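K.L.:
Heads up: the sequence shown begins at 42 in my numbering, then just goes up one per residue.
Careful, some of the hints might be misleading.
As the list claims (entries may be wrong) - So the derived label-pair ranges between C-beta atoms look like this: (1) A112 <-> S74: 15 to 25 Å; (2) G94 <-> E70: 33 to 43 Å; (3) D61 <-> A84: 29 to 39 Å; (4) A52 <-> D119: 21 to 31 Å.
Source of the hints: derived by calculation from the structure; they are not laboratory data. None of these values were measured; they are calculated from a predicted model. Here a beta-carbon is modelled for each residue, glycine too, at the ideal position from N, C-alpha and C.
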Amino acid sequence: MAAQLGELDAADIPDELLFDHFRLNPEYEEPASLDFARACRAAAYDHVREAYGIDEQTMSAHPSIAIAVLAVARDMFDNRDMEGHAHSNRTVEAVMSSFDFNLI
Numbered sequence: 042m043a044a045q046l047g048e049l050d051a052a053d054i055p056d057e058l059l060f061d062h063f064r065l066n067p068e069y070e071e072p073a074s075l076d077f078a079r080a081c082r083a084a085a086y087d088h089v090r091e092a093y094g095i096d097e098q099t100m101s102a103h104p105s106i107a108i109a110v111l112a113v114a115r116d117m118f119d120n121r122d123m124e125g126h127a128h129s130n131r132t133v134e135a136v137m138s139s140f141d142f143n144l145i
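When you get a sec, could you build the whole thing from the sequences and use the hints?
P.N.:
And the structure:
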């Protein structure tokens, strides 16, 4: 996996690496869980790109950005619920804050 990380492109994180990072075994997981992991990857990519104003070329050129995308995606996957906690989900708040706007 170390060789993969040095060549990692945030726009093209392979499913195998994604599932390994999430500690998912595709043979034993429900298809819906794997689809949700993929959706988290896409949402994390969009969030990092939009939140930091990074263009597509820069996103692909730096493996460290891909690692940040994986970290955000893992947090989204691990913290899927927003209820039953004394605190709110900070990852969800960070993602949704990019859609906040004030009409005044």
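K.L.:
So which of those numbered hints doesn't the model satisfy?
P.N.:
3
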